[in-house]
Structures are given as structure tokens and as C-alpha cells.
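K.L.:
Going down the list, the protein sequences come from chains A and B. Take the first sequence: its letters are residues 5 to 372, numbered as in the working numbering. Take the second sequence: its letters are residues 5 to 372, numbered as in the working numbering.
FYI, nobody ran anything at the bench for these hints, they're computed from the structure. Warning: the hint list may mix true and false statements.
Pairs involving identical chains hold if they fit within one copy or between any two copies, as the list cannot separate such chains.
Unchecked claim - DSSO-like, lysine-lysine: derived pairs with alpha carbons at most 30 Å apart:
#1 43 x 224
#2 15 x 246
#3 291 x 246
#4 54 x 181
#5 236 x 291
#6 104 x 263
#7 124 x 181
#8 20 x 335
#9 236 x 322
#10 236 x 54
#11 35 x 263
#12 104 x 35
#13 123 x 54
#14 291 x 263
#15 351 x 104
#16 15 x 28
#17 236 x 224
A quick note: this is a predicted structure, and the numbers were derived from the prediction, not measured.
Number of protein chains: 2
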Amino acid sequence: MGERGLEVRNKQVILKNYITGYPKESDFYIKTDATITLKLPQDSYGVLVKNLYLSCDPYMRHLMQEIKGPSVFSSYSACSVYSSVSGTLAYQVPRQSLAKPITGHGVAEVLDSGHPEFKKGDLVWGITGFEEYSIITTPESLFKIEHTDVPLSYYTGILGMPGFAAYAGFFEVCAPKKGERVFISAASGAVGQLVGQFAKWMGCYVVGSVGSKEKVDMLKNKFGFDDAFNYKEEPDLDVALKRYFPEGIDINFENVGGKMLDAVILNMRNHGRIALCGLISQYNLDKPQGVNNFMVAIYKRLRIQGFLIFDYYPGYSKYLDVVLSYIRDGKIVYVEDIAEGIESIPKALVGLFEGRNVGKQVVVVARE
Amino acid sequence: MGERGLEVRNKQVILKNYITGYPKESDFYIKTDATITLKLPQDSYGVLVKNLYLSCDPYMRHLMQEIKGPSVFSSYSACSVYSSVSGTLAYQVPRQSLAKPITGHGVAEVLDSGHPEFKKGDLVWGITGFEEYSIITTPESLFKIEHTDVPLSYYTGILGMPGFAAYAGFFEVCAPKKGERVFISAASGAVGQLVGQFAKWMGCYVVGSVGSKEKVDMLKNKFGFDDAFNYKEEPDLDVALKRYFPEGIDINFENVGGKMLDAVILNMRNHGRIALCGLISQYNLDKPQGVNNFMVAIYKRLRIQGFLIFDYYPGYSKYLDVVLSYIRDGKIVYVEDIAEGIESIPKALVGLFEGRNVGKQVVVVARE
Numbered sequence: 005m006g007e008r009g010l011e012v013r014n015k016q017v018i019l020k021n022y023i024t025g026y027p028k029e030s031d032f033y034i035k036t037d038a039t040i041t042l043k044l045p046q047d048s049y050g051v052l053v054k055n056l057y058l059s060c061d062p063y064m065r066h067l068m069q070e071i072k073g074p075s076v077f078s079s080y081s082a083c084s085v086y087s088s089v090s091g092t093l094a095y096q097v098p099r100q101s102l103a104k105p106i107t108g109h110g111v112a113e114v115l116d117s118g119h120p121e122f123k124k125g126d127l128v129w130g131i132t133g134f135e136e137y138s139i140i141t142t143p144e145s146l147f148k149i150e151h152t153d154v155p156l157s158y159y160t161g162i163l164g165m166p167g168f169a170a171y172a173g174f175f176e177v178c179a180p181k182k183g184e185r186v187f188i189s190a191a192s193g194a195v196g197q198l199v200g201q202f203a204k205w206m207g208c209y210v211v212g213s214v215g216s217k218e219k220v221d222m223l224k225n226k227f228g229f230d231d232a233f234n235y236k237e238e239p240d241l242d243v244a245l246k247r248y249f250p251e252g253i254d255i256n257f258e259n260v261g262g263k264m265l266d267a268v269i270l271n272m273r274n275h276g277r278i279a280l281c282g283l284i285s286q287y288n289l290d291k292p293q294g295v296n297n298f299m300v301a302i303y304k305r306l307r308i309q310g311f312l313i314f315d316y317y318p319g320y321s322k323y324l325d326v327v328l329s330y331i332r333d334g335k336i337v338y339v340e341d342i343a344e345g346i347e348s349i350p351k352a353l354v355g356l357f358e359g360r361n362v363g364k365q366v367v368v369v370a371r372e
Numbered sequence: 005m006g007e008r009g010l011e012v013r014n015k016q017v018i019l020k021n022y023i024t025g026y027p028k029e030s031d032f033y034i035k036t037d038a039t040i041t042l043k044l045p046q047d048s049y050g051v052l053v054k055n056l057y058l059s060c061d062p063y064m065r066h067l068m069q070e071i072k073g074p075s076v077f078s079s080y081s082a083c084s085v086y087s088s089v090s091g092t093l094a095y096q097v098p099r100q101s102l103a104k105p106i107t108g109h110g111v112a113e114v115l116d117s118g119h120p121e122f123k124k125g126d127l128v129w130g131i132t133g134f135e136e137y138s139i140i141t142t143p144e145s146l147f148k149i150e151h152t153d154v155p156l157s158y159y160t161g162i163l164g165m166p167g168f169a170a171y172a173g174f175f176e177v178c179a180p181k182k183g184e185r186v187f188i189s190a191a192s193g194a195v196g197q198l199v200g201q202f203a204k205w206m207g208c209y210v211v212g213s214v215g216s217k218e219k220v221d222m223l224k225n226k227f228g229f230d231d232a233f234n235y236k237e238e239p240d241l242d243v244a245l246k247r248y249f250p251e252g253i254d255i256n257f258e259n260v261g262g263k264m265l266d267a268v269i270l271n272m273r274n275h276g277r278i279a280l281c282g283l284i285s286q287y288n289l290d291k292p293q294g295v296n297n298f299m300v301a302i303y304k305r306l307r308i309q310g311f312l313i314f315d316y317y318p319g320y321s322k323y324l325d326v327v328l329s330y331i332r333d334g335k336i337v338y339v340e341d342i343a344e345g346i347e348s349i350p351k352a353l354v355g356l357f358e359g360r361n362v363g364k365q366v367v368v369v370a371r372e
């Protein structure tokens, strides 16, 4: 209460222009002259938070392009999010605007709350602004952090949206069976590294594709993949997949799309399952690369299933219990790529599409 | 027994050359000088049949192209078929050869049998030769016809493979709910006309696309579709679909593929299901048309599922009971396009890809 009305600087990451093609650092700027009052207005129903860790995720790219008229992406910006608190539909993931700081997932500390479920000092994760402080007007969408014996940044990854996407996508969408052959693209990223470990728990044979020798080594030696390859060194992805899967692929956890997906479909086994988690190869293209080998989906009776993690959030707390115990027992490995300071966000975002990050890309805004 | 050794003429449809592009009548010829002895060899385990009705189906096109090395189609030719008699894997759908008559589905009468489950006079449906008489060496793959109060030709369609594909594809793969919005491409064909009627039983809103005004009228006035359009008159399939599905499509039963599928994906509702039954628009292309709108499958959480009817054959007899009672009660409409004589097969096969047939394409070889 003593700090009522205290006005502080609030550095923000602003989108300078809508993005076409690959994002560039110059598409963003850091606004340094914004300020915020560290007290909510009297009748606010929202929460005021101090952002601690901000999460750079490939999906954000979509929300940064201009949409003219009806768009194939319109349903994405309008996708509903379950509230962790009320179990009801809470809000919609917003498109990025040029006027306000960009939004994305983060870990934050509540400084002031007009919402009965949140109080000063609570730690939360969910959608927030890419700035030092944010007022979140739909706090129903936030998850309260109850366990702080693990790094808080983990709630942007293994304990947050990407981790749960890996879990629900693999166990719910892929319906794995012991001994099945699993292929994961973009396998060292926030989601892929976990899918690979979940698949090993299930007794599957697991191979991942990545974009560097360093990442190949990481998959094999750190995450326990059975094998891995660098797609940049493979002139023919079909040949590469046949080398690692001479008997074909039962499960594909797909993060890349385009030519990779086309080659994967050719190498699927009968009744194989493809979980479409992301298509990072396509996000920066004006015209997407077509998937040509669709006939194979009939002959092989493939199930190709897109999913958004929001649909699965009612099961999140169960996931959290499972994965926390694995973390505490040292039974799961998780690699983050942590950048320092809000100024590093443009570079970190751009780096996602160049494969520059090694592990989950996080930015520390403040440590507490 | 008296006719032991009787040798008769056996007209056959032979593939003259492997097909590239659209099939032409000149890709086939009728061999008129073949003969067959109407008695099986002493130790045969097969059955000798007289073919009555032969079925012209789009899937046959694939098996008529030359495969050099590993092919995306190899798993199709190798797909396993359940035996109606033993419930076990019986045989594989063969690729077409240039030496022997082409093979496909048909209705036939058993003239001689070395198999304990079949006897002279039995009527059967299943894979047979496109000729007057055939020796079937894997009779486990045949279904015995028990109900003859309906036209025998129906066992090439509504009571056979296409009918059961419509039923299992719609009810099992699409998992329909009352009131859902269903779009069927190639909707007047053997499969599509039935899917539409099944969907109406479920209380769905049903629209089909076809290739002529006559077929549009048939869908609306004969099969009870809520609406229908002629895709040849639509310069923009996306616009056409938005006209009939302003709120989007829940279920797509896809028989066409290519540009149609791409437009459909754009118009699917969240959690929509696409059953891939066939991609007739692609069968004659050297390079398939890519499906570009894959991102939408993620945002809308689409399930795209290929299926082959063989996997569902264990449930066939239940289907037969259901649909026979509907036929007897006049509660289902079924349209066949019947050509006369084995000589008409090349034209009938070619016509499938020009949309010339109105309803299920059958050829009568002999009426009994």
C-alpha cells in the first residue's frame, strides 16, 4: 500500500511492422520511455505482474503477420484457452498489434490483484506482455505456480505450455505402444527434447532430426535418443529416414512440416500416427510447400492429427505431478537456452527460425 | 460331373500397357481366343467361378501403372484382406499384370470348388478376374452371398466393398454427431451417394459436390442431400464451400483430393474430421497436387484419417443386416450405371475418370 501510485519505467518489446518472410531483429524495437503505475485502478478485476521469464516460441511468428480479410490463421488467433482456475473458457490468444508490447508466455510475480483468486506475491505462468510489468485483464488464463523447488524458468518450458504439449501430444494424440518406432523433427527444441524422453519411457525406438552436429550429440548423449541426424547434411530426407527406419515409422511427432513431412509420410508404417504440433519450416513462407504424398495416407491408413495444447489444459495438473517427480528424481533432462535481459528478445525470437537456440529459448527479465 | 473337361471360350480384358496419365480405352484389349476348362484340377484348393457382374472402381487405376523400384504405392498392392470365412488374413490385392486379365471386384457363381467352404451353385462376391470365367486360388477372400432377394449387382456396390466403405468410413472414421455439417466430394459415386444418405440418417446437414447438373439434381432430389453443387461451374472452390457452409464443415468424406481437399481444409471447423477414402483427382497425375493448407490442420485441430475398407471387414455382416433391411423397406436409394457385356469394360473404366458414370459403375457379364 505504501507504494501506491509509484510510477516506474516499463521497458517493452514492440513490433515495429507486421512481419513478412523471416523475422528480423529490425522488425522489433525496445521502447524505453514507457512507464507504469505499480498499483491497479480501484475497480480492476485484473492482476498487475512483474515479468520474470519470457518464453520465445515459434507459434508467435503467426501472430505477427498482417491479416487482411478472412485468413487461414483466423482460428488460431481466436483459439480458446481454458482457465486453470475456473475450468471455463477464459480468453483468446491475442494477435500482435503494433501499438502495444508483443504478448507471449511467461513467468511472473503478482504485485497487485483485483481478482479474488490471486494475491500479491503469487507466482504465475501464462500469457503476458513482453515488457517489465504487465496488467493482465484476464487472469483466469493464468496458472498459479505452487512448486518452487525447481527453476522458475521451467514454467515456460517443461512445466508449462511446451512441456505439456509434448506430453499430451505424445500420449494422447500419438497413442504410443511399447516398441513402436518414433520420429521427432526439430527434436532438440522445447517440445522435441521432451517427446523423445517420453517415448523412451514407453520403450519406443526414437530418432530425431536437428540442424547441427552439436544438437545431434545432445540428442544421443543427453536426451537418450536411439539415434539422430542433421537434416542440413541430408540431400534426400527420404533416404535419411529409410536409413534410420528401415521398417518404417509408427509415430511422427511433427514440428517442421513441408518437405520433412512429405518424406515422413512416405516412410510411415501402416496405421501410423502423425501428431501435427508445429510446422516451423512453413511459418516464414509466403506460399506454403505442399504436402504431396497424400495418397500414402490412404494406403497406410495414417491418422494425421493437428492439436493445440489449450484443449488439454484440464489435464495439466496431473502432468505437473508426474513430471515434477521425474525432475526431482533426475529422471528427465531438460536443456534451456537462456538469454539475459528484455533487450535480447528480438534476437532470441529471430534465432528460433535460424535454429540458433540450443534447447528451449527463454529470456530472463528479472530473477525475482 | 458330366461337363468334366468341357472347354469353353473365356473372353478376357487385358491391360495392353501400363498406364500413364489418364487411362484410355486403347490401354486395354479384349482377348477373344482364350479358353478355359470348366473343371478344376484334381488337387485344387481354389474355386472356379462364372463371373456375373464386374465392378469398375477408381482404385483400380493405381494397380495399372508400372512400379519401378520402391513406390509410394507398394503398400497398396500389398494390403491385406480379411477372409470372410476364416476371419484371417487371406491374400493380397494383386497389382495388374500385362499377361493376365485385370482383376477387380465382382459377383460370381461357383461352378466347381476344391475348397470345403464353397460348393457348386454358391454365389460369391470379392476379387475376381475381368473375364467370363475365373479360377480363384484364394477363395478365403470371397464373401458368400446369402441374400438374393435384392439385385445381385448390388454386391458390387451398396452390399459390397463400396457400400461398406461408405458405412465404416462415415460411422467409424468420421465419428458423426447429430446436426453436424457434412461435405462429400464425388458425391454421386458408389460411395458418396451412400455416405450422404447415412449422414441424413444421423440428422446431419449434407452437401455434395459432383460434376454435372444432372448429378446435382440427383443428389438433391433422389438421395436427399440438403444441397449440392457442380464443381466444374465453380471458379473458386473455397468460395463455393463458404456458400454452402457459412459456419464451416465438421466432417469431410473425401473422394477427390488435390485442390478440393485444400479448399475443404480451409473451411473445416475446429475439431473437424476428414476421412480420406479416395483422391480420384490425383490418380492420373504424374506429380500430385500438393495440399498446402496444412497449418490449418493444427489451428483447427483436424483429424485427417486415411482408411482402407479391408481393415473393417470383420464388421461386414452386421452392416449387411442393417442395409438389407433399409433396402427392403425402401429407406435407401441406390443408383447404378450398368453397362452390358465384357466388351464395355474398357470404356466403363475410362469413364470413371471423366465422371461419365451416373451412380455406381457395373458391367454385366452374364445375368446367371
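K.L.:
So, for every hint listed, does it hold in this structure?
P.N.:
Hint by hint, here is what the structure shows:
Neither within a single protomer nor between protomers do residue 43 and residue 224 lie at most 30 Å apart by alpha-carbon distance, with minima of 49 Å and 64 Å respectively. Taking the shortest alpha-carbon separations for residue 15 and residue 246, neither the intra-copy value of 50 Å nor the inter-copy value of 44 Å comes in at or below 30 Å. In this homomeric assembly, residue 291 and residue 246 come within 30 Å of each other (Cα to Cα) both inside a single copy, at 28 Å, and across copies, at 22 Å. Within a single copy, residue 54 and residue 181 get their C-alpha atoms no closer than 43 Å, and across copies no closer than 46 Å, so neither meets the 30 Å cut-off.
Taking CA atoms no more than 30 Å apart as the test, residue 236 paired with residue 291 passes in both settings, with 22 Å inside one copy and 25 Å between copies. For the identical chains of this complex, residue 104 and residue 263 are neighbours neither inside a copy (36 Å) nor across copies (39 Å), given an alpha-carbon limit of 30 Å. In the homo-oligomer, the alpha carbons of residue 124 and residue 181 never lie at most 30 Å apart, since the shortest distance is 45 Å inside one protomer and 46 Å across protomers. In the homo-oligomer, the alpha carbons of residue 20 and residue 335 never lie at most 30 Å apart, since the shortest distance is 43 Å inside one protomer and 63 Å across protomers.
For the identical chains of this complex, residue 236 and residue 322 are neighbours neither inside a copy (38 Å) nor across copies (52 Å), given an alpha-carbon limit of 30 Å. With identical chains, the CA atoms of residue 236 and residue 54 are never at most 30 Å apart, being 40 Å at best within one copy and 58 Å at best between copies. Taking the shortest alpha-carbon separations for residue 35 and residue 263, neither the intra-copy value of 39 Å nor the inter-copy value of 45 Å comes in at or below 30 Å. For the homomeric pair residue 104 and residue 35, the shortest alpha-carbon distance inside one copy (10 Å) is at most 30 Å, but the shortest distance between copies (77 Å) is not.
In the homo-oligomer, the alpha carbons of residue 123 and residue 54 lie at most 30 Å apart inside one protomer (13 Å), although the nearest pairing across protomers, at 83 Å, exceeds that limit. Taking the closest pair of Cα atoms, residue 291 and residue 263 come within 30 Å of each other both inside a single copy (13 Å) and across two copies (15 Å). Taking identical chains as interchangeable, the C-alpha atoms of residue 351 and residue 104 lie at most 30 Å apart only when both belong to the same chain, with a minimum of 19 Å there against 65 Å between chains. In this assembly of identical chains, residue 15 and residue 28 lie within 30 Å of each other by CA distance solely inside one copy; the values are 20 Å within and 70 Å between copies.
Taking the closest pair of Cα atoms, residue 236 and residue 224 come within 30 Å of each other only inside a single copy of the chain (17 Å); across copies the shortest separation is 53 Å, beyond that limit.
Comparing the model with each numbered hint stated earlier shows that hints 1, 2, 4, 6, 7, 8, 9, 10 and 11 do not hold.
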